[in-house]
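Asker: Chains as they are written, first to last, in the numbering used here: chain A, 1 to 206; chain B, 1 to 206; chain C, 1 to 206.
Mixed in with the good hints there might be a few duds.
Which copy? The list can't say, so a pair holds if one copy fits it or any two copies do.
[Unchecked claim] The list that follows gives simulated cross-link-like pairs (lysine to any residue, SDA-like), each with its CA atoms no further than 20 Å apart: (1) Lys27 - Thr195; (2) Lys108 - Gly53; (3) Lys108 - Gly168; (4) Lys85 - Ser200; (5) Lys27 - Pro197; (6) Lys193 - Ile155; (7) Lys26 - Ile74; (8) Lys108 - Ala165; (9) Lys26 - Val141; (10) Lys27 - Lys193; (11) Lys108 - Ile155; (12) Lys27 - Ser200; (13) Lys81 - Ser200; (14) Lys81 - Pro197; (15) Lys26 - Ile149; (16) Lys193 - Ile30; (17) Lys108 - Asp2; (18) Lys108 - Val57; (19) Lys26 - Glu140; (20) Lys27 - Asn139; (21) Lys27 - His146; (22) Lys108 - Asn54.
To be clear, the hints were calculated from the coordinates, so they are not data collected in a lab.
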Amino acid sequence: MDLMLLFDYIGTMVFAISGTLTAAQKKLDIFGAIFIGFVTAIGGGTVRDMMLGNTPVSWIQSTDYFFVILFGIIITVIFKKAVLKWRNTLFLFDTIGIGVFTVLGLEKALSFGIDAPIAVIMGLSSAVVGGIIRDTLCNEVPLIFHREIYATACIAGAIVYLILAHLGVAPEIYNWVTVATIICIRIIVVRFKLTMPTLSLTDKIN
Amino acid sequence: MDLMLLFDYIGTMVFAISGTLTAAQKKLDIFGAIFIGFVTAIGGGTVRDMMLGNTPVSWIQSTDYFFVILFGIIITVIFKKAVLKWRNTLFLFDTIGIGVFTVLGLEKALSFGIDAPIAVIMGLSSAVVGGIIRDTLCNEVPLIFHREIYATACIAGAIVYLILAHLGVAPEIYNWVTVATIICIRIIVVRFKLTMPTLSLTDKIN
Amino acid sequence: MDLMLLFDYIGTMVFAISGTLTAAQKKLDIFGAIFIGFVTAIGGGTVRDMMLGNTPVSWIQSTDYFFVILFGIIITVIFKKAVLKWRNTLFLFDTIGIGVFTVLGLEKALSFGIDAPIAVIMGLSSAVVGGIIRDTLCNEVPLIFHREIYATACIAGAIVYLILAHLGVAPEIYNWVTVATIICIRIIVVRFKLTMPTLSLTDKIN
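Work out the full structure, taking the sequences as your base and the hints as a guide.
Answerer: Laid out in structure tokens, this is it:
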């Protein structure tokens with residue numbers, strides 16, 4: 001599980017970088033960029049923990065996440081051009097982060113005795129809510145609602161997790177199979193530029 | 001109270017439909033529409049429960065709300081044209097939902113020992129916050145802040161509830177009188193196109 | 001500490017006034033103005049309490065805050081022109097409010113055993129989140145992300161608080177030194193029109 005924690009930290013840091021970059025693109029000031037970097041990194045887990053009643057919420061129980069996030073933000077502020085150049089590498093870590101957040105959210109929800117379908121939503125929330133808050137604070141319709149379907153990857157991964165857990169597979173195995181599933185689906189989606197259809201109200205399909 | 005629960009489910013489903021339709025009008029993709037359908041349906045109760053400390057929040061304690069919401073969303077996605085045609089019927093169920101949400105929010109707050117004026121706010125929050133989150137995520141100023149005064153109906157209903165409860169009327173009676181009050185006021189408001197005045201900063205008064 | 005409570009109420013009232021005025025400038029109706037006045041006043045403390053698990057959240061545990069907020073909103077609705085004229089006085093009370101909110105947020109977090117750096121964030125959140133929600137609901141990028149650096153004043157004040165507390169100074173003293181530090185920094189910032197630099201992605205640095 002140490003490796004899972006390491007990837008949790010890396011995912012958190014990459015989310016902080018993504019928040020800081022989005023804020024910079026909107027020409028916010030440094031405080032805005034730092035604030036949005038933080039909220040992007042901790043938003044999903046915070047909302048999940050508040051809904052479960054797992055308080056004080058995870059990230060405020062120790063300073064580990066704080067320093068990981070601060071490190072991500074400082075890196076972005078100082079080396080912003082380099083960070084922008086490494087985008088493809090960041091994309092990979094972002095994807096790993098999403099996978100790990102989904103697994104951790106699922107685990108946490110199941111440990112609170114939450115039923116499987118709702119636990120899937122808790123896993124998904126852990127992965128996507130930070131980005132939704134980031135875009136809302138930047139006064140944009142959240143990216144995830146109209147571009148790039150990583151939510152689908154999370155849900156598919158969560159279902160794989162539940163099936164393997166139900167079949168009695170060891171956690172050390174199904175945790176990583178889940179993360180791998182999410183990473184594979186997301187890479188396929190991005191490589192082939194797959195998008196979700198919109199729910200048009202004017203087209204002919206009843 | 002079984003009838004109250006039934007109306008709670010119907011209200012939840014209608015809120016999910018309203019969220020899904022709003023997302024579709026903003027040309028979001030199917031994931032965005034489903035996500036916003038969910039948040040619209042559970043947002044008010046979730047914020048109320050998190051403020052009260054009633055965790056895990058109501059809708060994640062069983063799968064009932066999950067399936068009710070999923071049903072509403074699937075209906076909307078498959079039969080969107082029909083759903084749009086039934087708007088007037090939906091309006092009625094939406095109004096019933098608002099009434100029931102107000103009563104349930106009030107009850108929950110009072111059961112936590114919250115004082116009456118704050119319990120009214122908790123009832124109102126249960127009814128309106130889902131729609132406020134829906135509009136905010138769609139990057140719009142919430143509809144309820146500048147059109148159609150159903151909040152007033154909720155507050156009036158909540159006051160009726162408190163008066164009747166104080167007079168010793170049975171819950172079976174005052175619950176429904178409250179819901180009926182909210183429905184009547186809202187229908188009158190919509191029929192006569194009543195709106196709240198704006199708080200202009202440039203007009204001559206005072 | 002009674003004076004601290006008095007300033008907490010005054011700060012809450014001034015935040016309610018600021019929310020109501022912002023809503024009026026966006027031409028929202030009276031319900032929208034009242035709702036946003038409330039949320040601006042209680043938003044920061046509510047999010048802090050929900051993250052800490054201090055539930056029911058502070059403002060719903062008694063009707064004191066309710067009446068203070070209602071008074072601020074009614075004053076604004078009735079005497080809006082006068083309120084607009086007293087802007088400079090309001091600015092002073094707003095600044096006092098921010099200082100007091102920071103101290104109270106810090107204290108609350110430390111009483112939950114939260115580590116110092118995270119407690120600073122909890123103090124800051126108490127002071128700034130209400131305004132962030134206010135601007136987001138009004139469909140604006142939050143003011144604090146691109147104008148006027150009072151967040152910096154809060155963080156500086158919080159650090160002064162922690163240092164004095166660590167040195168064994170009495171709470172009656174360090175509480176007020178913290179508030180005074182925040183007020184002084186903010187007044188200097190506004191007087192000299194200091195702003196935070198933006199984090200431009202196109203400039204030459206690095």
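Asker: For each hint, tell me whether it holds in the structure or not.
Answerer: Here is how each hint holds up against the structure:
1. Taking identical chains as interchangeable, the C-alpha atoms of Lys27 and Thr195 lie at most 20 Å apart only when they sit on different chains, with a minimum of 13 Å there against 28 Å within one chain.
2. In the homo-oligomer, the alpha carbons of Lys108 and Gly53 lie at most 20 Å apart both inside one protomer (11 Å) and across protomers (17 Å), since each shortest distance falls under that limit.
3. Taking the closest pair of Cα atoms, Lys108 and Gly168 come within 20 Å of each other only inside a single copy of the chain (18 Å); across copies the shortest separation is 40 Å, beyond that limit.
4. Taking identical chains as interchangeable, the C-alpha atoms of Lys85 and Ser200 lie at most 20 Å apart only when they sit on different chains, with a minimum of 15 Å there against 36 Å within one chain.
5. Taking the shortest Cα distances, Lys27 and Pro197 sit within 20 Å of each other only across copies (10 Å), while inside one copy they are farther apart (31 Å).
6. For a Cα distance limit of 20 Å, the shortest separation of Lys193 from Ile155 inside one copy, 19 Å, qualifies, whereas the shortest one across copies, 44 Å, does not.
7. Taking identical chains as interchangeable, the C-alpha atoms of Lys26 and Ile74 lie at most 20 Å apart only when both belong to the same chain, with a minimum of 18 Å there against 36 Å between chains.
8. When the C-alpha separation of Lys108 and Ala165 is checked against a cutoff of 20 Å, the pair qualifies only within one copy, where the shortest distance is 14 Å, while the shortest distance between copies is 36 Å.
9. In this homomeric assembly, Lys26 and Val141 come within 20 Å of each other (Cα to Cα) both inside a single copy, at 14 Å, and across copies, at 9 Å.
10. In this assembly of identical chains, the alpha carbons of Lys27 and Lys193 lie at most 20 Å apart only when taken from different copies (19 Å versus 28 Å within one copy).
11. In this homomeric assembly, Lys108 and Ile155 come within 20 Å of each other (Cα to Cα) only inside a single copy, at 16 Å, whereas the closest approach across copies is 32 Å.
12. For the homomeric pair Lys27 and Ser200, the shortest alpha-carbon distance between copies (6 Å) is at most 20 Å, but the shortest distance inside one copy (33 Å) is not.
13. Taking CA atoms no more than 20 Å apart as the test, Lys81 paired with Ser200 passes between copies only; the shortest distance there is 10 Å, against 39 Å inside one copy.
14. Taking CA atoms no more than 20 Å apart as the test, Lys81 paired with Pro197 passes between copies only; the shortest distance there is 17 Å, against 34 Å inside one copy.
15. In the homo-oligomer, the alpha carbons of Lys26 and Ile149 lie at most 20 Å apart only across protomers (17 Å), although the nearest pairing inside one protomer, at 23 Å, exceeds that limit.
16. Taking the shortest Cα distances, Lys193 and Ile30 sit within 20 Å of each other only across copies (16 Å), while inside one copy they are farther apart (33 Å).
17. Proximity of Lys108 and Asp2 under a CA criterion of 20 Å is satisfied intra-copy only: 16 Å inside one chain copy versus 32 Å between copies.
18. Taking the closest pair of Cα atoms, Lys108 and Val57 come within 20 Å of each other both inside a single copy (12 Å) and across two copies (15 Å).
19. For a Cα distance limit of 20 Å, the shortest separation of Lys26 from Glu140 qualifies both inside one copy, at 10 Å, and across copies, at 12 Å.
20. Taking the shortest Cα distances, Lys27 and Asn139 sit within 20 Å of each other both inside one copy (12 Å) and across copies (17 Å).
21. In this assembly of identical chains, the alpha carbons of Lys27 and His146 lie at most 20 Å apart only when taken from different copies (8 Å versus 23 Å within one copy).
22. With identical chains, the CA atoms of Lys108 and Asn54 are at most 20 Å apart both within one copy (9 Å) and between copies (18 Å).
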